[in-house]
Amino acid sequence: MQLQLSPEFASILNGKNVYCGFSGGADSLTLLMLLSEAREAFHFSLSVIHFEHGLRGRAGVEDSLFCQDFCQKSGIPFTCISLNVPEHIRQGEGIEAAARRLRMDHWKKLPEKSVVALGHNADDLTENLFLRLMRGSNVSALTSLSEINETEGVVIIRPLLRHSKQQIEEYLKGRGLQWRTDATNLESEYGRNFLRNKILPELYAKFPYGKDGIARSLKNLQSDAKFIDDQAIKYYQTMKPELRESWLNLHQAIFCRVFRLFLSEKIGSNVIAGHQLLTRFESEINHPPGQGFSQLIITDHPDYSLYISSKSVFFIDLRKIEPVFWDPDHSKSVVFSGYMLKICENDMGKGDGVKIAVFDKKSLKFPLKLRQALPGDKMTAFGRTTPDSLKKYLSEANIPAPLRDSYPVLCDDSGEIIWIPGVKRSDKYPARDSDLLTISFATV
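Position in the sequence shown counted from 1, then plus 2, gives you my numbering.
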């Protein structure tokens, strides 16, 4: 059996640092061989990462030693990472899910221009299909294993998805290579093993054409999923997700995907919205509270909350964010807690004190300070003679109550508030001549 790395991977691997996940099993060993043979022609560097999960005692240690020995003999840089999965399982999380999460945590720490190569094969596609069907997944999740994708900023390739387990083992046997066998794969107490060892063999025995038929169906489903995902992206790029009306009357196939895009953008990582969260969000969109806000807790991301009112949908980062210092002479913009302040060069001197503020630049000392609102904050607004509480200004501007505790304020070098962006500017540093600092405010 002859296998080689498809030329389709050449462009994505060119000039990259490729990290191969290597367990010592047949799949990852074949992948490592194909990558090693292609690295000069495809112009990439190759390293190996082996995860010791702390689940199989001596057998797991022996797998690590096998992988290390193979890499040393092959001249491939090798790193073993101990995960100790049992000590890091979250409440309600299964062992397999915890292991995936911990591995991803390490993949996310790789340097720029890195590509992760994983050894999933065609049989894994089928198993993934059945497992996700039983969890009620949509077509995108049913076909989530793909040859090239990006997850939480990590570029992942799976070059073996076109090859079956049988083809992979025949390839290794033809080259006289031995691989490690995980004895737990023969135990059927885990869902995937039960499916692999008992259900699928009986299914294929009853329906000999089933394997090829499922493969064709998967290909069709992948095409359908890509089309729907692309439509969701197009809609999300033009919608205003902070307006509740933007979510109304969306087809369910688009709604769930747009919601995932919204969560992922706000949190900054690839978020999969669970069924309960999606159902609750859809219910609140269609039946919002008459007054006030409904709060949705994002279980897997407890630092964030989602709020819905009769008009608005907004995200709150519950973490306290450290102040940011900004020198407009050296940087034309600054981002803080989901907001951006930017120097206006085309509208110099034109300000309303709300979305755009104008200051006498000569009187200011840089850097300025951006921070979150604090209890007891006060400011004297432009045109007024006495200070009022920040809370009052935010309330007058109809800033939603959940946003007020984390709302940004711009301070001068002494720490005094000179602008509540989007609300009011202070009476400090009024524009006097042509040397002005004009700043705009917008959400990111």
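Among the hints, erroneous ones may be present.
[As the list claims (entries may be wrong)] Keeping only pairs whose Cα atoms sit at most 25 Å apart, straight-line, the calculated DSS-like set for lysine-lysine is:
id, residue 1, residue 2
1, K430, K344
2, K200, K228
3, K430, K357
4, K430, K380
5, K371, K394
6, K228, K208
7, K242, K344
8, K357, K367
9, K364, K322
10, K334, K268
11, K357, K242
12, K367, K344
13, K322, K380
14, K393, K364
15, K268, K110
16, K18, K75
17, K313, K334
18, K236, K213
19, K228, K242
20, K313, K357
21, K167, K115
22, K208, K167
23, K111, K167
24, K221, K167
25, K322, K344
26, K213, K175
27, K111, K268
28, K344, K357
29, K75, K175
30, K393, K430
31, K313, K363
32, K213, K200
33, K363, K322
34, K371, K430
35, K334, K393
36, K228, K175
37, K268, K380
38, K393, K322
39, K393, K371
Keep in mind the hints are simulated off the structure, nothing from the lab.
Verification of the hints:
1. K430 - K344: Answer holds: K430 to K344 is near 19 Å, not above 25 Å.
2. K200 - K228: The given pair, whose Cα atoms are some 32 Å apart, is violated under the 25 Å limit.
3. K430 - K357: At roughly 17 Å apart (the allowed maximum being 25 Å), K357 and K430 satisfy the hint.
4. K430 - K380: 13 Å, holds
5. K371 - K394: With Cα atoms ~22 Å apart, K371 and K394 stay inside 25 Å; holds.
6. K228 - K208: 32 Å, violated
7. K242 - K344: 21 Å, holds
8. K357 - K367: Given pair K357, K367 holds - Cα atoms ~22 Å apart, limit 25 Å.
9. K364 - K322: 32 Å, violated
10. K334 - K268: 23 Å, holds
11. K357 - K242: Roughly 18 Å between the alpha carbons, so the hint for K357 and K242 holds.
12. K367 - K344: 17 Å, holds
13. K322 - K380: 20 Å, holds
14. K393 - K364: 30 Å, violated
15. K268 - K110: Roughly 18 Å separates the two Cα atoms, so the pair holds.
16. K18 - K75: At roughly 23 Å apart (the allowed maximum being 25 Å), K75 and K18 satisfy the hint.
17. K313 - K334: 33 Å, violated
18. K236 - K213: With a Cα-Cα distance of about 35 Å, the restraint between K236 and K213 is violated, given a limit of 25 Å.
19. K228 - K242: Cα-Cα ~23 Å, so holds.
20. K313 - K357: 21 Å, holds
21. K167 - K115: 30 Å, violated
22. K208 - K167: 20 Å, holds
23. K111 - K167: At roughly 30 Å apart (the allowed maximum being 25 Å), K167 and K111 break the hint.
24. K221 - K167: 18 Å, holds
25. K322 - K344: Given that 25 Å is the threshold and the Cα spacing comes to 23 Å, the pair holds.
26. K213 - K175: 23 Å, holds
27. K111 - K268: The hint holds at about 20 Å.
28. K344 - K357: 11 Å, holds
29. K75 - K175: Holds, at about 19 Å.
30. K393 - K430: 19 Å, holds
31. K313 - K363: 38 Å, violated
32. K213 - K200: 15 Å, holds
33. K363 - K322: 30 Å, violated
34. K371 - K430: 15 Å, holds
35. K334 - K393: 29 Å, violated
36. K228 - K175: With a Cα-Cα distance of about 37 Å, the restraint between K228 and K175 is violated, given a limit of 25 Å.
37. K268 - K380: Violated - the C-alpha atoms of K380 and K268 are around 29 Å apart, more than 25 Å.
38. K393 - K322: Answer holds: K393 to K322 is near 18 Å, not above 25 Å.
39. K393 - K371: Holds, at roughly 20 Å.
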